[in-house]
Each structure stands twice: as C-alpha cells, then as structure tokens.
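Colleague: Protein sequences, first through last, are from chains A and B. Each residue of the first sequence is one higher than the last, beginning at 1 in the numbering used here. Each residue of the second sequence is one higher than the last, beginning at 1001 in the numbering used here.
Don't read these hints as lab results, they were simulated from the structure. Please note: incorrect hints may appear among the correct ones.
[As the list claims (entries may be wrong)] Below are the DMTMM-like pairs computed for lysine to aspartate or glutamate, each with C-alpha atoms no more than 25 Å apart in a straight line:
(1) A:Lys-81 x A:Glu-93
(2) A:Lys-135 x A:Glu-147
(3) A:Lys-252 x A:Glu-93
(4) B:Lys-1099 x A:Asp-77
(5) A:Lys-81 x B:Asp-1106
(6) A:Lys-190 x A:Glu-93
(7) A:Lys-262 x A:Glu-196
(8) A:Lys-252 x A:Glu-196
(9) A:Lys-190 x A:Asp-260
(10) A:Lys-226 x A:Glu-147
(11) A:Lys-81 x A:Asp-92
(12) A:Lys-136 x A:Glu-147
(13) B:Lys-1199 x A:Glu-93
(14) A:Lys-136 x B:Glu-1150
(15) B:Lys-1099 x A:Glu-82
(16) A:Lys-81 x A:Glu-184
(17) B:Lys-1199 x A:Asp-92
(18) A:Lys-81 x A:Glu-147
(19) B:Lys-1146 x A:Glu-147
(20) A:Lys-190 x A:Asp-92
(21) A:Lys-252 x A:Asp-92
(22) A:Lys-262 x A:Asp-92
(23) B:Lys-1146 x A:Glu-137
(24) A:Lys-135 x A:Glu-229
(25) A:Lys-226 x A:Glu-137
(26) A:Lys-135 x B:Glu-1150
(27) B:Lys-1146 x A:Glu-229
(28) B:Lys-1099 x A:Glu-93
(29) A:Lys-81 x B:Glu-1150
(30) A:Lys-81 x B:Asp-1096
(31) A:Lys-136 x A:Glu-229
(32) A:Lys-262 x A:Glu-93
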Amino acid sequence: MKEESREEGEVVVRMSDKEWEFVKDLNVRKKVKESFDALTPRQQDYTVRHLRDSLGVEFIAGLLFTLIIMVWSLFMDAPLKELANPSYTPADERAPWYFIGLQELLAYFDPWLAGVVIPTVLFVGLLAIPFIDPKKESGIGRYTLVERPVAVPAFCFGFALWYGLIIVGQFFRGPGRMFYWPWEDRTLLKGLHAVELVNFPVIGGIIFFILYYGIGVVVPQFIFRKFCETLGVARYYIFIILFLTMMLVPVKIFLRCVFDVKYILSLQIGNTMLNF
Amino acid sequence: MDEKKEKGEKRGNSFKKTQVYKAIFGDLLYGEFKLSSPINSLIRAVAKAMQLNPYNMSAGGRKIITYTFCLGGLSVFFFALLACTGTFLMLYYNPDVNKAYSNVEDFRYIVPFGVLIRNMHRWTAHLMVLFVSLHMLRVFLTGAYKPPRELNWIVGVFLLVLTMLASFTGYLLPWDQLAYWGVTIGCSMGENIPVIGAKGPFAVLKSGSDINAVLVGGASVGQPTLLRFYLLHAIAIPLSIVALMGYHFWRIRRAGGVSGPL
Ligand code: HEM
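Just chain B, with the same shape it has in the complex:
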C-alpha cells in the first residue's frame, strides 16, 4: 500500500498541488487523479456534485440492476431529458392565452424538430411519473425506508408529489381543450377544500376569493393561471426537484449506499 501511495505522489505534478487547482477541482473531483479526458472529468464533476455514484461499489454492482431495477436512476435520467427538451420548448413558447396554442401548433408544423422535441418532452414526462411511483414501490418492497433511511423516504414522497405537480402544471401549457378541462378538473379540488374553498363543507369564502382563486388567480382557469403554471412548471418546481434530488442522493451516500444487495 505505502509503496503504491508513494508512486502515485511522485506522479502527481506540482500544478495539481497548487491551491488554485485544488480550489477548483479539489472538492469536486477526487483529489488527485489523472484527467483522462475533459469530458470524462466533466461528467465526473457533475456526478460528484449531485452525489450520484458511490465511491465504493460492490463487485456485485451489476446485481443492483435486478435489485433497484434502476428505477430511481431512470427517474433522474428522465428528469435530465425533460430539462433539455423543456429548455428547447421554452425558446418558442409564450405563456399567453392568445399565443400559447399557436406556439404549440408551430412546434408541429414550423419549428424544425419541434414536433420531435415536444413529443419527447411529453412522453418522457409520462414515463417519469410512472417510474417514480415504481421506484417508490421498489423502495418499499426492499424495506429501504427503514433506519437510517427514513428521512430519504420522506424526501422521496415530496419528490413524488413534486413530480406529479410538475407534470400537472405542464399539462395546461398547450392551452387546448384537453389542457383546459383537465386542469379545470384538477383545480376544482381546490374549491372543495373544507372551510377555505368556496364549494367545500363549511365554506366561508366566496367563489373568486377562496383558496382556489388564490391558486389559479381567478374564479376559473385563465391567463393568470397560465402564467402561474408556466412559472411553476419551468422554474419553481424543477428547481425544488433538483434541490431535493441532490439531498436525496446525499442521504443515500450518508446511509452507506443503496440498501442492498451486498
């Protein structure tokens, strides 16, 4: 062991020992190692920052595939794909009831590759909701919510809800009949909250000034709703998901990695 360590230290060039280098790469990367390629190290940096991969992976690492079925990992992947395709869609989309629909039509007929990207965004969103719930099932069935992973289960439940909300807020954006009425149904749930919803039991507030009106910005779904949902969908929810995901992965590491099989 010692012999190897010395060998390694000799090889490390002096630049890597400078404070600047360490400040930039030291914590992100693995201390000293050979940069095999810039792309490699970039991926590694991202992975490290998100705490995606364990330092120590068992030789049975491959077994992990039939253990987690990679459902959580795929959820991350779908999220990343959604972020990429979504950014592209944002280039052409305006959250304005007079423009939104025709913007989305443009994806179909005018924007190069627009239809492909929109389809990918849509189908991936479905997949993500499905896979996150399957991931939850997997976590339950393998008892992975038991100590020391309780907090991660809780973080996960919030991620599940956020994933659904992200999907739901995105559903309104094309501003077609499907979107409008689907979201109207969803939001009518707000009206039925006891006491603070206009149609719920013991309602004290009138329609138009109840909790639902606060959420959708009016008595019914309209321009304010579109703008709200757009901001939630494109900014607030994704950022929260990223933050929670980072925490989720960090907790996995803290717990000494995924629960099994080892």
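The following block holds chain A by itself, in its conformation from the complex:
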C-alpha cells in the first residue's frame, strides 16, 4: 500500500501497484474523473476497491444463495393441483400472494375500487413520492426517523397495510374467503355474515365524505403549521389527499367490522351504482 501526500485539491487514493494497474486508465478518463470529483473529499478519501474484490464477494454470495434455494427446492415442491377446470370453481379461490392484499380488499370494496382505483392510486402515489417530499436534503443515506417524522411513518404505515392485508388474505381466509382463525377447523363451512349489513343513507354518505376530506385537509393546516409551510400549498394538497385516501382503506375496514357498514355511500347514476 502506498500513500500519496495531499497537495492542494489532490485526492488521496491509496492502492497497491497491482490495483493501480487495474485502474490507472480509469482515473484519467474524463467521465470517471467527473463522477469521482462529484464525491465529497471525505468520500474520495477512501481506498479504491477494485471490481475484482467486490465481484469475488458477490460471486460467493451468489453461490451461497443458489445453494440455499436448491436445498429449499429439494425439500419443498412447488404446488401443482389438478388440471384447470373452468366449470369447477374451487371453494377457496385465491390470487397469487402478492395480489392477495387486493383480493382481500374485495371483501370491503366493490371490484372496480379494490381492483382498479386503489391500485391506480397506489401506483400514482408511489411515482409522486420524490416530488411530494419537500425535504430534498435531509435524511439521505441513512435510516432516520427524527429528520423525517412524517414521511417515514406514513410510508411504513402504507407498506404495513399492504403486507397486513396479504397476511390476512393468505393465512386467515378459508373456504368461501370467510375469515378463519388459524385454530379454526377449515373443513367446516362458514355461512355468510349473519348480521344484515347496512348502508349509510345517501345524504349521510355525502356528508361523511365531505367531513372526512374537509376536516382531514383543513385541520392539519392549523395543528401542523410548520409542516404545511415546508410542503407548500400544492404539495400539501396532493399529499394530504393521497394520505386520506390511503386511510380510507382502514377506515372502511373498521366501519365494516365494527358497525357492519356495507357502503358508506351508494350512489345511483343512470343505471350504474357507484358504491364506496
């Protein structure tokens, strides 16, 4: 290992002769130099580790994982049921696990909401994240809750919701997609909900949504003044509306489970029913 003394503006790069052989051209190449210059002096002040080193580690890690997956595959067979039969619907018809969260939503929402609107909002919301987040500088490159007290919990909540629904859909649903605790006997068929589900009256539903979004949008502006200021008006509205829409999922699940609410708002437009 050789070390160069630091002159003005010079980068200290420690490497062996052999390593120099590998990288000497690279550091004179303009493009690379630029990207290297873009690093902070502290970042630059490290040893250049060559590809060779990292590739070796990666190769071994790859072998290890291949081995793990192979052993797993030796002992556990991928499922293969009977030949597809379009005229016989199995009792427990289920989507693949990564979509089972959405299927789980079908219990609470009409299909066009659960399968189309909610995933679309989710997708758009994910795409919008880098542009909504007002703190362009804070918390990059490390795990921190203190510097990002809103962003981190909000995202984690959504992430947990997604996987929570998957877990319920995968492990707590039995025949007919009815809810079964793990210790309940799944060969016993459960009847449909004994309780009559109720709808909010139309006007009540409209008021509910006006109040929900109204309060949800206005109140935080008074409580979290500083937060709203950093966001700015446009970002605030986009954020809060996406956030409130996300929260409608647990709200609706809560209303269904506790108050047997079928639809918060059921609107008839022409001959189409719009149920929320």
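On the provided structure of chain A, position chain B with the ligand as indicated by the hints.
Modeller: Coordinates of chain B with the ligand only, in the frame set by chain A:
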C-alpha cells in the same frame, strides 16, 4: 503518480494498443489491464455492461451490507437465476392448454432434475417479488429517492410492477386449478375498469369485447390467454426488466453511486 503511469504503459503490450483490441474490449473493460483469467474478464465485462459495480467503492464498502442489505443486488441475482431456470423450463414446456399441464407433470416425474429446476424457479420468483418490495422500503427509509435519484425511483416503481406482472403471468402457465382460478381473479380486475370494462361502472362495452377481452383474448381465460401470458412471461416482460435494470444501474452510477453510507 507519473512514475507509476509510465511503468504501467511500458508493461502494456502493443497488441493492446491496436484498434481491434480497443474496439472489442476498450469500452467494455477498463481500457488496459491485465487479463488475470478469461472468466474474470467475462464477469467483469458483463458487470460493466450492466453497470453493476461502481468504479470507486469506499473502504466502508462492507458497511453497504448493513445499509442496502443488498436487497437490490439480491433482486438482480434472483432475476438471473430465474432467467437460467426459466430457459431450462422452456425446453419442455408448450403454451398449449392440451399440453401445458402434462408438460409440467413431466417436470415432476420424467425430466431429469425437472422437479428441482421447477421448484427453484417457483421459489425464486416468490423471493424476487418479496425482495424487490423490501428494496423499495430500504430506498424509502434511506431517503434515496431524493434528488438526484428521483428518476431512479420512478424506474424502480415500474420495475416493481413488471416484477409482479412477470410473476403473475408465470402463475398461469402450469394450467392447473390454482393457476386458472388465481389468474381468473386477477383478470377479473380488467372487467371492472370503469367505462371500458364490461362489469365496471358506466360500462359501454359488452363482455367479450371489453378491455379485459383484449387483455386475455376472450371472454374468459383460455388458450389465447395462455399464449399471451407465455409470451409476456418469457419474452416481453423479462426484456423490459433487463432494459430498465440496465438503466436503473446506470442512473445509480450517474448519481455518483449508492446514496450512502460514506
Ligand atoms: C427488479 C427490481 C429492482 C432491481 C433489480 C433493483 C436493483 C437495484 C440495485 C442493485 C441497486 C443498488 C443498491 C442496492 O442494492 O440497494 C438499486 C438502487 C436503487 N433502487 Fe432499485 N431495483 C429494483 C427495483 C426498485 C424499486 C421498486 C425501487 C423504488 C420504487 C427502486 C429504487 C432504487 C433507487 C432510488 C436506488 C438508488 C439507491 C441509493 O442510491 O441508495 N428500485 N436498485
């Protein structure tokens, strides 16, 4: 420094200075360096072409393991494993409703190592979906989507969706009850798209000619769906993923490497 450079130049033999050599290896590899072994340089070439590894890695490079948990890297690895096992499966599989199921049964009982490869393909696919989503969580928690990495986040979201679609289209291929009804549920979402789906609100199109019929090739899941899903699963989606991944890695390099810790 100068002294070293000269030493290196003297060592480089003249063949390496020819245009042919440079044309072939110049851009892929590191300009001039010693070929320690053909395999080494092959790996390096692939890595370079995919922009997988940074030129400059911090001495704290090892810390990267507890920073990214290598979740993105593992996603790449799972993808590669899926491509290998998948190619093998393609040798014996026909996207034909009369053959598909028995082909898959053959993996179990006839094809040498068929069951192993099929299992690996299946379990790795699960792992990939899981790890890509965990990778997204990691990227969020470390604020790595902030400037200058916004575009990479967006590319990532598309990769996430493509990963799920790849998995979903593959789910149909064994053509068993699980596949058929799982995909039927998934595709019924298409029917419920407002206006253009037959069962959605304000539907204007009839079942069999709505958007879902365009996607699955008929009123319900059948032979056309199997063929479509096969092509998507084996060609279109993997190619898109490879393209986007290459871009993903290139953007990381453009941003000066992974966001931290340095
Ligand atoms: C097929 C799927 C994907 C693959 C193979 C992949 C691969 C990678 C790899 C290898 C890295 C380098 C750092 C690391 O290992 O964590 C990375 C970084 C990154 N990925 Fe992904 N990724 C995928 C999906 C995603 C998704 C879903 C997102 C976000 C929505 C995303 C956003 C990013 C960002 C912003 C970076 C830069 C992180 C940083 O600089 O710290 N990627 N990706």
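Colleague: Would you check the hint for A:Lys-81 and B:Glu-1150, treating anything up to 25 Å between C-alpha atoms as holding?
Modeller: Violated, at about 43 Å.
Colleague: Holds or violated: are the alpha carbons of A:Lys-81 and A:Asp-92 at most 25 Å from each other?
Modeller: 13 Å, holds
Colleague: With a cut-off of 25 Å on the C-alpha distance, tell me whether A:Lys-252 and A:Glu-196 pass.
Modeller: 17 Å, holds
Colleague: For a C-alpha distance cap of 25 Å, please report whether B:Lys-1099 and A:Asp-77 respect it.
Modeller: This hinted pair holds, its Cα atoms lying about 21 Å apart.
Colleague: Are the Cα atoms of A:Lys-136 and B:Glu-1150 separated by 25 Å or less?
Modeller: Since the Cα atoms of A:Lys-136 and B:Glu-1150 sit roughly 10 Å apart, the hinted pair holds (cutoff 25 Å).
Colleague: Compare the distance between the alpha carbons of A:Lys-81 and A:Glu-184 with 25 Å, and conclude whether the hinted pair is satisfied.
Modeller: 24 Å, holds
Colleague: Starting from A:Lys-190, check that the Cα of A:Glu-93 is at most 25 Å away, please.
Modeller: Measuring from Cα to Cα gives roughly 15 Å; hence the hint holds.
Colleague: Given the proposed pairing of A:Lys-252 with A:Asp-92, does the C-alpha separation stay at or below 25 Å?
Modeller: Distance of about 24 Å is within 25 Å: holds.
Colleague: Hint check: A:Lys-81 vs A:Glu-93, CA-CA at most 25 Å. Holds or violated?
Modeller: 13 Å, holds
Colleague: Hint check: A:Lys-136 vs A:Glu-229, CA-CA at most 25 Å. Holds or violated?
Modeller: Since the Cα atoms of A:Lys-136 and A:Glu-229 sit roughly 14 Å apart, the hinted pair holds (cutoff 25 Å).
Colleague: Mind checking the alpha carbons of A:Lys-135 and B:Glu-1150 for me, to see if they're no more than 25 Å apart?
Modeller: Holds: A:Lys-135 and B:Glu-1150 sit about 13 Å apart, inside 25 Å.
Colleague: So if I understand the rule, the pair passes when the alpha-carbon distance is 25 Å or less; does A:Lys-81 with B:Asp-1106 pass?
Modeller: 14 Å, holds
Hint compliance for this structure: hints 18 and 29 are broken, all remaining hints hold.
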